[in-house]
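Student: Each chain is listed here by its residues.
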Amino acid sequence: MHIAEGYLPPAHAAAWAVASAPFVVHGVRALTREVRSNPESTLLLGASGAFTFVLSALKIPSVTGSCSHPTGTGLGAILFRPPIMAVLGTITLLFQALLLAHGGLTTLGANVFSMAVVGPWAGFGTYWLLRRSGASLMVAVFFGAFVADLSTYCVTSVQLALAFPDPGSGIPGALAKFGSIFALTQIPLAVSEGLLTVLVMRLLTQSSKAELLRLGVLSKLTGKGGSKGAEAGAAGEEKETVTR
Amino acid sequence: MLPIDAAAHGSRWRRRHPGEKAVLGFGLTLCAVALPAWPGAALVGTATLAVLLGPAGVAPRLLWRAFRVPLGFCVTGAAPLLFQVGGAGGLVSPAPDGPLHAGELLLRTSAASLGVLLFAFTTPVSDVLPRLVRAGVPAPVVDVALVMYRIGFLLLDTVARVRQAQHARLGQASRAAAWRSLAGLGATAFVRAFDRAARLQDGLAGRGYDGTLRVLVPRAEVSRRFLAATAGLLAVLVVLTYALRGLLT
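Chains A and B, in that order, are what the protein sequence lines are.
With UniProt numbering applied, the first sequence corresponds to residues 1 to 244, in that order.
With UniProt numbering applied, the second sequence corresponds to residues 1 to 249, in that order.
Think of the hints as simulated: they come from the structure by calculation, not from any bench.
Computed from a prediction, not measured in an experiment: that's the story for all the values here.
Glycine is no exception: its CB is placed at the ideal position from the N, C-alpha and C atoms.
Treat the hints with caution; some may be incorrect.
[Claimed, not checked] Here are a few chain B residues that sit away from chain A, every Cβ distance over 12 Å (derived from the structure):
| # | residue |
| --- | --- |
| 1 | 38 |
| 2 | 88 |
| 3 | 159 |
| 4 | 180 |
| 5 | 188 |
| 6 | 243 |
[Stated by the list, open to error] Restraint ranges, calculated between C-beta atoms of paired labels, are given here:
| # | chain 1 | residue 1 | chain 2 | residue 2 | range |
| --- | --- | --- | --- | --- | --- |
| 7 | A | 139 | B | 177 | 55 to 65 Å |
| 8 | B | 173 | A | 18 | 16 to 26 Å |
| 9 | B | 176 | A | 36 | 39 to 49 Å |
| 10 | A | 36 | B | 244 | 24 to 34 Å |
| 11 | A | 139 | B | 53 | 45 to 55 Å |
| 12 | B | 97 | A | 138 | 48 to 58 Å |
| 13 | A | 206 | B | 93 | 48 to 58 Å |
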C-alpha cells in the first residue's frame, strides 16, 4: 500500500524526502556511470524499469481470499541490485502517482524510502546472506522477496505511526495499531509474493539464461564471486538449467 | 495506454506548457497539505474540482474512476484514527476527537489528490519527461524513464493479452492453475521486456544511436496570464482560509 497524496504532514513528507535523497542520488550516479560507459544499457535499464512497473500491476491471490499487488522490490533488487532499484523504484512510484493515482507526489519521499530503499536493501541483504551461507537459489529468492515485502510494510507502519501517534499510547500504540492492520494482510501477501517470485525465477532460469547472466544473477551460480556453499548449490542449478 | 494518460493526450489544456499546469496542480496540492484542513482543504478541494470539470474540461466519469482509487486509500488510511490503543477505555476504544481528525485527514488527502489529478489529466507524461533535463535531472535518468514509459505500455498490453489467453485455456480454473498462470505472466513480461529492449537497440543502432534519445517535444510558450491567474487563485484560497477560520473559531 502506498501512502496516499496529502496523508503525511508537510514536515514528515519533507523529512522522508531528505532521508531517501542520498540513496536515490547514489543510485542516479551508479546509473549515470553505467549508461555513460555503456550507452546501450539505457534500453536494458528502461526495460528493467518497465518490468518493475508491470510487476507491481499484477494481482496476486492472498491467503485471506482477497488479492493485492506484489511490491516487486525483492525480485527487482535480486535482478538489478538495490542502487539501481532506488532509481527505477522512484521512477515507478512517480509513474504510479501520475498514471494510476496510486501514492502521491508529496508522499513520494516516504514511499521511495519504504519501497525503493528499505525493501530492496533488506530483500537483497537477506538473499545475499542466504546465498553466502549456502542456501539454494530458490530458498534465497523466496526469503529475499518475503523480507523485501514485509520490511516495506514495516517501514510504512513506522512512517504512519510517527505521523499519527495514538492519543492514548503515543507512537508505540500507533505502531501496534498500524502494524497489526498491515500484519493481517501483509504477512500472507509477503508469503504469496515470495512464492510468486520463486516461480518467476524458476521460469527465468529456464527461459532467460542469457539475460540473467548479463544481470549477474547466474554468474553467482557459476561461482564467480560467490561463497563455496553458494557455488555448490549454484552448480546444481546451473547444471539443471543447461540440461533443460 | 492508461486512462489518465489517454485523457491527458486529448485534454483541452494539452498544448499548454507543462510548467504552468505544474504550478497550478502542485500549488493546489501544496495548499491542501499546508493549510488548515478546515476550511482550507475543503476550499482547495472545491476549487480544484471546479477547475477540473470547468476550464480543464475533464469528463466527470473519468475523473471519478481515477479519483476513487486514492479515495479508497484515504478512507482506509483515515479509519485507524477513529480508535486508540490502551488508555482508560481498554485495549481498543474510540479515540477522543477521532472522527474530527479522520474527517480532516480525509479532506486533506482528497483535496491533495485532486490537485495531482489536475496535472495528470491535462499533461501527458511524454510532455514532461524530456523537459526534466532542463530542470536538472541527469539526461541518462530521463532517457531510462522515457524507455520505461514507452515499453511499459507495450508490456501492459502484452500482459493483458497473455492473461486473456490463459483464461481461455482454463488457466484460472483452480488455485494451482492460477499460481502457475501468474508466474508465467511475470516471466513472460520479463522476457518480452528484454526482447523489446534488444529490438529497440537494433533499430536505434541502425539509425546511428549515440547514447542519447532525441524526441520531438511539442513547442509551448509559458502564458503569463495563466500564471498570474494561478497565483491569484492560490492567494485567494489562502486568504479565504484564514479569514473563514477566524470567523468560525
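Student: For this structure, which hints from the list above don't hold up?
Tutor: 2, 3, 4, 5, 7, 8 and 10
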